[in-house]
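A.B. asks: Keeping the supplied structure of chain A fixed, place chain B upon it in accordance with the hints.
Protein chains in written order, with my numbering: chain A, 1 to 215; chain B, 216 to 371.
Some hints here could point you the wrong way.
[What the hints assert, rightly or not] With a straight-line Cα cutoff of 30 Å, these simulated DSS-like cross-link-like pairs (lysine-lysine) come out: (1) A/Lys189 x A/Lys147; (2) A/Lys62 x B/Lys321; (3) A/Lys116 x B/Lys321; (4) A/Lys128 x A/Lys58.
No lab work stands behind these hints, which were simulated from the structure alone.
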Amino acid sequence: MRKIYLLLFFCVLLVSCQQSTDQDTTKDSKIESEAEVAFFPDTEMSLTLKEAIEIAQKEALKWNKEAMLYSGNSVDKDDTPTGMDGKRKHWNIEFGIPGKTDFYLVTIRDGKANEKAHVPAGFEIMPKNYFIASVEEFKYDTPELLKKGEKITKIYPGDTFAKGYNFSFSKDPQKNIPIVNVIGWDQDKKNMIYLEFNAVTGELDGEFEKEQYIN
Amino acid sequence: MKKNTFISILTCFIFIFTFSLKTQANETPDIETPDIETQAATKHTAGVVTGYTGPRIGHGGEKYPNEQYMTVAVHQKSTTDHDPIFPFGTSILTKNPLPVEGYGNKTIFKVTDTGDLKRNRDLYWFDVYFGLKNTTNDSNANAFGVKNTNIEYTAY
Chain A
1 MRKIYLLLFF CVLLVSCQQS TDQDTTKDSK IESEAEVAFF PDTEMSLTLK EAIEIAQKEA
61 LKWNKEAMLY SGNSVDKDDT PTGMDGKRKH WNIEFGIPGK TDFYLVTIRD GKANEKAHVP
121 AGFEIMPKNY FIASVEEFKY DTPELLKKGE KITKIYPGDT FAKGYNFSFS KDPQKNIPIV
181 NVIGWDQDKK NMIYLEFNAV TGELDGEFEK EQYIN
Chain B
216 MKKNTFISIL TCFIFIFTFS LKTQANETPD IETPDIETQA ATKHTAGVVT GYTGPRIGHG
276 GEKYPNEQYM TVAVHQKSTT DHDPIFPFGT SILTKNPLPV EGYGNKTIFK VTDTGDLKRN
336 RDLYWFDVYF GLKNTTNDSN ANAFGVKNTN IEYTAY
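One chain only, chain A, in its complex shape:
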């Protein structure tokens, strides 16, 4: 009978020990994950326009070797204003094929290629000069263009709609150059400001405003 009690006691002890170990492990993993968050701040996932294009282009070429860059932009999915260093975590980059109607979207979320979407009849048929062959055509990237914009114009980061600074690019088919837009606000946050840069020379090609919240 004693043996049975001893055995029972041993079992209870074993279960208690196991539970205690489990709790410690959970605590340890919590500490580890907190440390990871501290070690890898959000900025680690932020990309310049050229970095985002490089990632997206690899994905587009897997889809079709003839894919060429058409346009793209940052997506303001962050909770707080970002982009003040010329980088964003979320981008949508669009591709097409000269002479064909295919549209291919590569989304970048948290600095990594995410979803893709193919629309077979998404574009009108366009010749090659409407597309950008590679990221090498961009001689200037968003961090330096933003600095330049802040230096020569009055542009400020947004606080609610289009928070921080946003960026986009497209091709000017007439001039045959890639264009980069730096998008911010005026000081009163009433007008959005678009700064249009020639991505080959880094020169400011245009500056225009758009009143927001009017309708």
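C.D. replies: Same frame as chain A, now just chain B:
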């Protein structure tokens, strides 16, 4: 005695097994929803899709940031919260092409504007920019706005 020992050992094993299962079941997964989930594309149906034209406001010569037949406006989160229901830069891809007056069939749109601040339209309504205000563009926008109902789309 042997039988008793066997029964007690068996009881102990059942006891351990039961406790061990209970412990596992009580463990609440302490994992935050991965960011990728919240960043994923979402599907919606717009009760109505309309068209709008706009004056060239501000300055900047001939250039204007809204892109004809591409720019769309969506609702703000509320009358005081200017944050749009889809973030600035979101791509909208409709399930079926929309017949756009003055352009042709169109599937791809981009959120760079907000509108209908008083929320007269349904939540997932969107408004396609038809260009600067003139007779032709106004007429096209009006014709477009009366026929596009229950439009399914994905927001990326």
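A.B. asks: Out of the numbered hints, which ones does the structure contradict?
C.D. replies: Structure breaks no hint.
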